[in-house]
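Trainee: Position chain B against the provided structure of chain A, taking the given hints into account.
2 protein chains.
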Amino acid sequence: MSLSTQNYKGTRDFYPDEMRLRKWMFSKWREVMESFGYEEYDGPILESLDLFTAKTSEEIVNDQSFNFTDRGGRRVIMRPEMTPTVSRMVAKKRQELGYPLRLYSIPNCFRYERQQRGRLREFWQLNADIFGVEGVQAEFEMMLLINKLMESFGATEDMYEIRINSRMFLDKRIAEAGVKTSLPEITRLIDAFEKLEADIFTQKLKDQVEDAEKLYSFLTNDGGTAEGDELINKAKKAGVKNIRFVPTIARGFEYYTDIVFEVFDKNPDNNRSMFGGGRYDGLVGEFGVDPVPTVGFGMGDVTFQNFLETNDLIDDLKTETDLYLIPIGEVESETQAIAQDLRTKGLNVAVDLSGKKLDKQIKTAEKKGINNVVFVGEEEVKSSKYKLKNLNTGKEVVASLDEISKIISTT
Amino acid sequence: MSLSTQNYKGTRDFYPDEMRLRKWMFSKWREVMESFGYEEYDGPILESLDLFTAKTSEEIVNDQSFNFTDRGGRRVIMRPEMTPTVSRMVAKKRQELGYPLRLYSIPNCFRYERQQRGRLREFWQLNADIFGVEGVQAEFEMMLLINKLMESFGATEDMYEIRINSRMFLDKRIAEAGVKTSLPEITRLIDAFEKLEADIFTQKLKDQVEDAEKLYSFLTNDGGTAEGDELINKAKKAGVKNIRFVPTIARGFEYYTDIVFEVFDKNPDNNRSMFGGGRYDGLVGEFGVDPVPTVGFGMGDVTFQNFLETNDLIDDLKTETDLYLIPIGEVESETQAIAQDLRTKGLNVAVDLSGKKLDKQIKTAEKKGINNVVFVGEEEVKSSKYKLKNLNTGKEVVASLDEISKIISTT
Chain A
1 MSLSTQNYKG TRDFYPDEMR LRKWMFSKWR EVMESFGYEE YDGPILESLD
51 LFTAKTSEEI VNDQSFNFTD RGGRRVIMRP EMTPTVSRMV AKKRQELGYP
101 LRLYSIPNCF RYERQQRGRL REFWQLNADI FGVEGVQAEF EMMLLINKLM
151 ESFGATEDMY EIRINSRMFL DKRIAEAGVK TSLPEITRLI DAFEKLEADI
201 FTQKLKDQVE DAEKLYSFLT NDGGTAEGDE LINKAKKAGV KNIRFVPTIA
251 RGFEYYTDIV FEVFDKNPDN NRSMFGGGRY DGLVGEFGVD PVPTVGFGMG
301 DVTFQNFLET NDLIDDLKTE TDLYLIPIGE VESETQAIAQ DLRTKGLNVA
351 VDLSGKKLDK QIKTAEKKGI NNVVFVGEEE VKSSKYKLKN LNTGKEVVAS
401 LDEISKIIST T
Chain B
1 MSLSTQNYKG TRDFYPDEMR LRKWMFSKWR EVMESFGYEE YDGPILESLD
51 LFTAKTSEEI VNDQSFNFTD RGGRRVIMRP EMTPTVSRMV AKKRQELGYP
101 LRLYSIPNCF RYERQQRGRL REFWQLNADI FGVEGVQAEF EMMLLINKLM
151 ESFGATEDMY EIRINSRMFL DKRIAEAGVK TSLPEITRLI DAFEKLEADI
201 FTQKLKDQVE DAEKLYSFLT NDGGTAEGDE LINKAKKAGV KNIRFVPTIA
251 RGFEYYTDIV FEVFDKNPDN NRSMFGGGRY DGLVGEFGVD PVPTVGFGMG
301 DVTFQNFLET NDLIDDLKTE TDLYLIPIGE VESETQAIAQ DLRTKGLNVA
351 VDLSGKKLDK QIKTAEKKGI NNVVFVGEEE VKSSKYKLKN LNTGKEVVAS
401 LDEISKIIST T
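Here the protein sequences line up with chains A and B, keeping their order.
The letter at position 5 of the first sequence is residue 5 when you use the numbering used here, and the numbering goes up by one with no holes.
The letter at position 295 of the second sequence is residue 295 when you use the numbering used here, and the numbering goes up by one with no holes.
A hint or two may mislead.
Chain A regions said to be covered by chain B (calculated; three or more residues, Cβ under 8 Å) [claimed, not checked]:
| # | stretch |
| --- | --- |
| 1 | 90 to 101 |
| 2 | 106 to 114 |
Derived DSS-like pairs (lysine-lysine); straight-line CA-CA distance at most 27 Å [to be verified]:
| # | chain 1 | residue 1 | chain 2 | residue 2 |
| --- | --- | --- | --- | --- |
| 3 | A | K318 | B | K28 |
| 4 | A | K23 | A | K345 |
| 5 | B | K92 | A | K9 |
| 6 | B | K92 | A | K363 |
| 7 | B | K356 | A | K92 |
| 8 | A | K345 | B | K345 |
| 9 | B | K148 | A | K385 |
| 10 | A | K93 | B | K318 |
| 11 | A | K23 | B | K356 |
| 12 | A | K148 | B | K345 |
| 13 | A | K318 | A | K236 |
| 14 | A | K357 | A | K368 |
The hints are simulated quantities; they were obtained by calculation from the structure and are not laboratory data.
A quick note: this is a predicted structure, and the numbers were derived from the prediction, not measured.
Note that CB positions come from ideal geometry on N, CA and C, so glycine has one too.
Here chain A stands alone, though its shape is the one from the complex (with noise of 0.2 Å):
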């Protein structure tokens, strides 16, 4: 019986072009993140199960996580999240780091999860955090990250918005309404208001707190906190202008302690929350250290590549490799020597070994998208001099490798 070549559910296979795709997003999340001083770090995949337990959403851990039992007798768990793990890191090292730490990281997280537009059961996640800042000018800075980030891919204001509110101020308020079920509970389904319909919303709060009614019309109404404020007036002044406070921003995690973001996608065909995060600053303390005020959030790939494909915001990404040769008979040891030559010279070059005919090795270097063929014969090492082929344009001309690798070079 033949193997089957799909691929375990929820994941994906990159090919180049995909790869090539996830590349060019996450290199230009590494530039702006370390445009504004963060460094990037990566933990492990697997992680003890006692981590995640402990403070994070129970919803992802009892009902979404890949946990099981190592040979060992250890319950371990693929990290569905980051933030666990880089308050464990920090913790560890507490006393040797640099306050304000600034850490990022880009690790692939795993949550088993029906299929959904969005998402999958392995997923990358950008995650950014800044460690031991109190004040809100930590999320001063998150605000002007974020804003940079949606910059560099050319996304406009108008394309996306920052929603903010107190997750501290939000806590009062559900105590004040009287809860009936837990806290997490009401979070929960507070998190869920803009996928709800009004009547439903409003019949499930009335099953989770006293005084639903009051608690519904501090959610519906604008007004913000003093540090909400603070924190808006800040970056509009900034030149981010496309915020404001919104009082059902919940955000699933169990960690945050105060402001809480969400970065809406405003486009109509994908109008919803693209990705967030807070501020937490109960997390690294749970490692029996002193703890550290933290802010940070996490940004998907699935979600934010289907942000910028929406919005057309995605370049036209070419093959890395610049130049193919062609042996036209025995010559490929030859032509290997040649495409050396190349290398040295900074080109990428790839040497067609098939044995096939001409047209046949063209048609390849065609479907590999690589402009360039260069045809080596045993006439061609003799002389030295090569023909040259722009499959785009069909120009030729015959030239040395240098004056090859020069041609090739400027344009």
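Mentor: Just chain B, lined up with the frame of chain A:
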């Protein structure tokens, strides 16, 4: 009770310094791979267990893999190596892809190993494969590629050696000697030849084949095969001198069909196999499509980094942050505006938001390895002139932002 800061056994936390080293290593790998026209791909970390039980190393799947049943009852494995995945991917698009197809990837792989030097449970591995070339030209290219990969790190030919064997030839000799156990078992024994004492090896060999003496005499004789000799001659002619035929090179994986090779670290402190590969013409065909001849190798990051360390080949890597801005007084928002300006001028700029005293802020910059600091007070904001200090030389200048960006870009 506090959470543990310990990472899961056999994995690594990559803090910025370690991450910088990893990125430096990977970017050099990428550069060389792309100079040979190889294109980067990636596949999922989770694969169906079937994919690996069919054709890889029995030992790895049964004793050393992380595998489990998912919430939907599917048997899955965290990839212990990349070859089955890339073969699956090529089979899936067998008709669309152009041959020779050159692919590379730097996946992380997972093996449940006891801890020992060079072995971790999570490791990265450069995988290079060329698909669609039947003749020795493919192996020849791999030799050139390995040579360039090593050279790009400054490794010289005396530091390592490429050892070649023919699996086809070896299998034949084993068969001639009379198999008592099984071919894979005998192959694994031969693979361990270098690690075992001669008398232990011969004793074990006697347990596994009828005519151990005959096989032993073959294994300790340097005579090559016609194809192996051709490869070695081609490679030597192309400047790859540190290559020879060694009949005990076997490789653990069962899918190899012909020439196999290993790269040995010749340093007496680290004398062992660094990485290897070979020809596996049968794997793509296992997916019910026409077979595709393939040659590939995999190069682990841990062993390779050991090699670089032993031979003192690691560059002195610096932080990506060019400049650290130190606000004096309540000018943090203004300092962020200055940072934004300098970022548009191409600098990577971090702002200290700790509110700490001047000397502490300078210490933080030093801790992060940032060479240049700029002091921003109210007066500086008014005059648009700032003091730039180089922490290495102690030199100070008062300059505009334009001038500062020029000074830093040119030093």
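Trainee: When the hints from earlier in the document are held up against this structure, which numbers fail?
Mentor: Going through the list in order, the structure violates hints 8, 11 and 13 and respects the others.
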